[in-house]
Amino acid sequence: MTDRITTLGPNRRSVLMGGAALLATPAILRAQGTAIKFGTLTPLTGVGGTYGPSMRDAAVSVFDAVNAAGGLLGGSIEYVSEDTQTNPEAAVRAVRKLIDVDGVSVVLGTWASSVTTAVAPLCWENDVMLFCVSGADSITRLPHMGYIARTQPNSVLQIQVAGDFMLRQGSTGMAWIGPQTPFAQSSIDILAGQAEGAGIGMESLIYEADKSTYRSEVDTILRSNPDFIMLGGYAADSTVVLRDIWQAGYEGKIMGPAYAVNPSVLDALPDEVTEGVFTWEGAPAIGSTAYANVQAALGVDVVDPYSAQTYDHASLAVLAAAAAGDAGGSAIKNALRSISQGDGTEVSDALAGLEVLASGGSVNYSGASGPCDFDEIGDITGTQFLFNQILGGAPSMFERV
Amino acid sequence: MLSWLFSVATFAGIYALLALGINVIWGMGGMINLGMAGFFALGAYASALATTSGGLPIPIGLALAAGLAALAGGLLCRLTLRLRGDYLAIVTLGFSELVRLVAANEIWLTNGSDGISGVPGPWRSELTPFRFNVLSFALVAAAVVVIWALTERLRRAPWGRALRAIRDDDTAAAVAGKPIRRFKIQAFALGAAILGLAGAFYGHYTSYIAPDIFRPLITIYIFLALTAGGTGNTTGAIVGAVAVVLVLEGSRFLEGWTSVLGGVQKAALREVFIGVALIAIMQLRPLGLLPEKSPGPFLKRKSR
Chain R
3 MTDRITTLGP NRRSVLMGGA ALLATPAILR AQGTAIKFGT LTPLTGVGGT
53 YGPSMRDAAV SVFDAVNAAG GLLGGSIEYV SEDTQTNPEA AVRAVRKLID
103 VDGVSVVLGT WASSVTTAVA PLCWENDVML FCVSGADSIT RLPHMGYIAR
153 TQPNSVLQIQ VAGDFMLRQG STGMAWIGPQ TPFAQSSIDI LAGQAEGAGI
203 GMESLIYEAD KSTYRSEVDT ILRSNPDFIM LGGYAADSTV VLRDIWQAGY
253 EGKIMGPAYA VNPSVLDALP DEVTEGVFTW EGAPAIGSTA YANVQAALGV
303 DVVDPYSAQT YDHASLAVLA AAAAGDAGGS AIKNALRSIS QGDGTEVSDA
353 LAGLEVLASG GSVNYSGASG PCDFDEIGDI TGTQFLFNQI LGGAPSMFER
403 V
Chain D
-8 MLSWLFSVAT FAGIYALLAL GINVIWGMGG MINLGMAGFF ALGAYASALA
42 TTSGGLPIPI GLALAAGLAA LAGGLLCRLT LRLRGDYLAI VTLGFSELVR
92 LVAANEIWLT NGSDGISGVP GPWRSELTPF RFNVLSFALV AAAVVVIWAL
142 TERLRRAPWG RALRAIRDDD TAAAVAGKPI RRFKIQAFAL GAAILGLAGA
192 FYGHYTSYIA PDIFRPLITI YIFLALTAGG TGNTTGAIVG AVAVVLVLEG
242 SRFLEGWTSV LGGVQKAALR EVFIGVALIA IMQLRPLGLL PEKSPGPFLK
292 RKSR
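Here the protein sequences line up with chains R and D, keeping their order. So the first sequence is numbered by my numbering: it starts at 3 and just counts up by one. So the second sequence is numbered by my numbering: it starts at -8 and just counts up by one.
Chain R extracted, bound-state conformation (with noise of 0.2 Å):
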């Protein structure tokens, strides 16, 4: 009995004395001194795995890029990168790192939109910008003081842009079939809403991701023989609903986010599986600069839209830095679309960028993903939308709105 009590005495004294020893030491203990940090927390692993290095390499080229003209604000960007692990859990302990231990001044990359709603408020509380590609409405409405800008065109314009679509090919009865999802619900709501404009059916079913197989979910969305289906998923699981919408002898038309059915889905299927359907995303900028320099970071021929988004994070998070010669947090938040739009110089780059801002003048940055600009709650906005379809395993140019 004795052992028991002096086993447990030394414990919680010392927890209590440690706990107020540390409460009375002060609060500025974080030596960060003046180097430049921005840290990038894509989903390495788990789901998003698909995603996050390309997205990373994107970002970090940019860096690279700046850093070999010469660097910023007269010194060098470090650059630090973390996991989210596809999982809020995890992202929450990679942030707190990035913040408390690094003192990082902009996270960008963060790509589930719980994983985003999980670590805005540490990079709020913390002075620290956040950029994401979180497509989930509720993200922008947090009460974040300008600390969220987000590259993503929210879910219901997307939705909307692409409803519109679906109705101007002719179609007589649509169908939406995707995982649950902060914007499975008002996907649903909003397709079902424009197809009882037009007079015409709408089925809708809601299935459990990380499954093998779909073809009982698919069979009975196509009981109400639609003859348009939305995908609402991510490229694992659209990979194999594709699969089972061919098997089930499905002959209509197909739509999905270009982020679900991407080059990894395509070299995965067959190419008449793919045959015909059709893909939407953000316009991004082919041809212009940014976009040639991730074409040429990456390695490849498309960029995907998430790279393309994070490739611009890190250059407006550069530029921004530069306009309000100060590379904090606050600074950056400030002057985020003092460059991002209004009447500058179109730049593409941030190494044009920092030229036009060292010799006086004021720039508007247009990247890879499109024009990058923002409205006060932190939304993209003048999103162009590119549809291509799928020919001979390939995408091909069809429409741009």
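To be clear, the hints were calculated from the coordinates, so they are not data collected in a lab. A couple of the hints might just be wrong.
Partial list, derived from the structure: chain D residues whose beta carbon lies under 7 Å from chain R [unchecked claim]:
| id | residue |
| --- | --- |
| 1 | SER(-2) |
| 2 | SER104 |
| 3 | GLY106 |
| 4 | SER242 |
| 5 | ARG243 |
Computed from a predicted structure; not experimentally measured. Note that the Cβ used here is the ideal one computed from N, Cα and C, for glycine as well.
Mind docking chain D on chain R? Use the hints.
For chain D alone, kept in the frame of chain R given last:
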């Protein structure tokens, strides 16, 4: 840096609570509960909803979390009394997926996969982020100490002895007149309550919960922690949890030590390391770093 250390220590404390809860159910009671994430989620959601939509103070949220998880644990145990080993593992895993699916799909209650943001933390708005980390650590550490003392006391008590007897051979224990059903349900409910409490702490600390957080990944981490620390050993559960968090967080610094590893390789290496660590521990110290010992000098003196 210091702020980060407190935050890591807070996560370690939450992991330690989880390991202590699993230790009661699995370590002491011998019931494999792969549904840990489900009870963790139940507690997190109960407390988050009570303090956001319900407007109740955080201590009541914590009590609700523990109570609801205990109730669910007791019921689940009652339903699965006849199942053992692999079969119980499958059913409990199903339970945790069930909780996650309800959280993802019952949007009216849980806000679906958007999750619940803005979960209040104690004095969060008045404190600097650093001080909030210190306070959170102090509170979680206090909870770990209390739960450690409680479960250690139970382990040494006749109740713990009977539970071990049931774990090792329930027929023999039944023959000796122990009410097996009651012991199992009590142990499961108590363990689940601790898991629920950990969930509540998690929600109030990070301010955001969503169904994605409660995927089976965290269950694997905690079983690794308990196996490493020593199944059935309360101190071992804490040691193991701290060790797992140290590995998870420490591996972030690999990139700084060697320029060969980029971000992607480092992320992959961390997963490899966790797997290798588990294999190595099972090979070298199958009973964990701190193997379970028959507790109490009282017993030893008698046997001499």
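- Ascending list of hint numbers which this structure does not respect: Of the numbered hints given earlier, the structure breaks just one, which is hint 4.
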